[in-house]
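Enquirer: Dock chain B with the ligands against the given chain A, drawing on the hints supplied.
Just so you know, the protein sequences line up as chains A and B, in that order. Under the working numbering, the first residue of the first sequence is numbered 1, with each subsequent residue one higher. Under the working numbering, the first residue of the second sequence is numbered 323, with each subsequent residue one higher.
Hints listed in this document are in silico derivations from the structure and should not be mistaken for laboratory results. From the three backbone atoms N, C-alpha and C, an ideal C-beta is built for every residue, glycine too. Take the hints with a grain of salt, since some may be wrong.
As the list claims (entries may be wrong) - A partial selection of chain B residues facing chain A, derived with a Cβ cut-off under 10 Å: (1) 489; (2) 491; (3) 493; (4) 555; (5) 562; (6) 570; (7) 571; (8) 634; (9) 638; (10) 645.
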Amino acid sequence: MTPVLSISGLRARLRGPDPSAFVIDGLSLQVNRGEVVALVGESGSGKTMTAYSVLRLLPPAIQLTEGEIRLGGQDVVAMETRRLRDVRGTLASIIFQEPMTSLNPLMTIERQIAEMLLTHGKATRQTAPERVIELLELVRMPDPQTRAKQYPHSLSGGLRQRAMIAMALACEPQILIADEPTTALDVTIQQQVMKLLLDLRDQLGMAILLITHDLGVVAEVADRVAVMYAGRIVEEGPVVELLEAPRHPYTAGLLACLPEGVGDTGRLIEIPGLPPKPGSIPEGCRFAPRCPSATELCTRVTPETRTEGVQAFACHHPRMPA
Amino acid sequence: MSRNAQDLIRFVLRRLIQSLPILLGIATINFLFVNLAPGDAADVLAGEAGAASPEFMAALRERYGLDQPFYVQFLVYMGKLLTFDLGYSFRFSRPVTELLLGTLGPTLLLMSTAILFACSMGVFLGVLAARCVNRWPDYLISVGALIAYATPVFWLGLMMIVLFSVKLGWLPSSGMQTIGAGYTGWRKIGDVALHLIMPATVLGMYLTAFQVRLIRASMLEIGEQDFVTTARSKGLSEQTIAYRHVLRNAILPMVTMVGLQVGAILGGSVLIETVFAWPGLGRLAYNAVFQRDLNLLLGLLFLCSIMVVVTNILTEVAYRLIDPRIPLK
Ligand SMILES: Nc1ncnc2c1ncn2[C@@H]1O[C@H](COP(=O)(O)OP(=O)(O)OP(=O)(O)O)[C@@H](O)[C@H]1O
Ligand code: SF4
Ligand SMILES: [Mg+2]
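Next comes chain A alone, as it looks inside the complex:
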């Protein structure tokens, strides 16, 4: 069965004088039907840019240079603009971290959701309002009739994120890309929204690529986890194995940062040192300057990704399996 989303060898760089300023540097990732894959990593590791590149939404400052992205088997990179617009919202949808700024402040919730339906011919002007209410009910928006007529500023962050989700799901995409969908919300609201996403996954059967800082959430909701460091996936595997017995020192470092192990709403706090900036990525293993297990080999040779058991990782000196 073809995966819903398959990225291979993706590279994207900052436009400018430095040809080596890669923001995404050889990233490969697959998401299968109905699967929840978590993409985790420190700030600046390129998670958002990866999400953007799936629908070719990269900002003008960033240029996709190499690699392949397939959505439901179709090549997104080579796709012509007209076709790309059809794909956006129908094959894959995206929701963002900031529900405060992701909705147009001058349009009612109804209009913004209806716009998605009308653009893709999923409703007519007559049927759209009714369908919008159905969608708002689907995301458990309280009092949907009233909310539909309101502007984003009269909704709380949690309700706006529900509206965003309703919009993203309006055309029943096969995959929902959620870029830190709960980071900007209160803790209790975070849990409600996460639960909503999972319920919708069960109900509608779409896949979710969940970008998050929050390993607690990952443990609860993800089927698989991909750990990203400086533009590259350094470890990937099923959630239980990966969190219980990380093979890559970076994953282990992230886990060690959790206050009370996995399960709390622990954020990634700190691994000593800073991740490299695009353009100043060291030779060999890019994690070497911060890695407790680094050897001379690590600073010279870039580790290839290899698979052992269910986990894949890129490290010369992996930690012991469970």
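Expert: For chain B with the ligands alone, kept in the frame of chain A given last:
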């Protein structure tokens, strides 16, 4: 909807009442300034008449209340103002109110055409420049705006007359209608429109340049906001994104700017109406100043302050109609 309409009417009424003290304050200042200048209406009239006996002067002063103490004159003036009696123009031998009402129409026509022209060109060219940012259409528009911005208005007016009226003979050089043609209906409207083209363009030029630059900058700024990425992720075309999502937000500063610039446009129309012999308030003001027609001048200043206040209320209403975040309070 009717609820909104009610709110709107209530808002406008409240604003109008709030601006009454402002208007009276402005009228007071106007009165003081005009009367601080040496000489009074009697001096002017007498001076024109050549010789004037002291008796004639005294009679004039008595007749127009100029012999009264200053504060009495002031109270009388304010009292009349409240009934829209702005006194009598000795120059034109007609009541000031009548003169003002006769010239208000042409000026409003000229100003609103200029503003409409500036805003629509501003939107059209500003959006075009923003969508072609750092490519040749953008450079062309930006340089053009800069030139328009820096061109003296009266010079431009004269040059246009030389080119379009004298050399090419396409457009009438002055006035609002063809004298003696006696057009009616559509012919008349067409005739006025033809006369309107040059003065409105010249009057709106500066504002156009301003708006083009404003809209361009504002489009670029709004274009980077998250909701634009959301719109793109929905599969909308760049055209739809620019006009439906970005422009609506980018237009807000333009509305504010129009409100702020109305005073300047009113000032500009004095110049333009004089150059193009447009029968409006501006030309009347020019005459009032040079002929020391004090009552007329006071009336004009008062009317201008009303116009500025009213446009400010209108821009506020427009802003609130576009932006739901600001309640009609
Ligand atoms: N609009 C942009 N223009 C230029 N560089 C950008 C832009 N957006 C992001 N970058 C750069 O791309 C790199 C990856 O950023 P990205 O936003 O993908 O990180 P992230 O993993 O999503 O981080 P966070 O957890 O903070 O959201 C960073 O070095 C960042 O500075
Ligand atoms: S390759 Fe070396 S430096 Fe890189 S993570 Fe593994 S042990 Fe650390
Ligand atoms: Mg991000």
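Enquirer: Now look at each hint and say whether the structure bears it out.
Expert: Verification of the hints:
1. 489: Cβ of residue 489(B) sits 46 Å from chain A, so the hint is violated.
2. 491: Status violated, d = 47 Å.
3. 493: 40 Å, violated
4. 555: 5 Å, holds
5. 562: 8 Å, holds
6. 570: With Cβ-Cβ at 5 Å, under 10 Å, it holds.
7. 571: Holds: closest Cβ of chain A sits about 6 Å from residue 571(B), inside 10 Å.
8. 634: Violated: closest Cβ of chain A sits about 22 Å from residue 634(B), beyond 10 Å.
9. 638: 17 Å, violated
10. 645: For residue 645(B), the interface hint holds, since the closest Cβ of chain A sits about 6 Å away, which is under 10 Å.
Comparing the model with each earlier hint shows violations of hints 1, 2, 3, 8 and 9; every other hint is respected.
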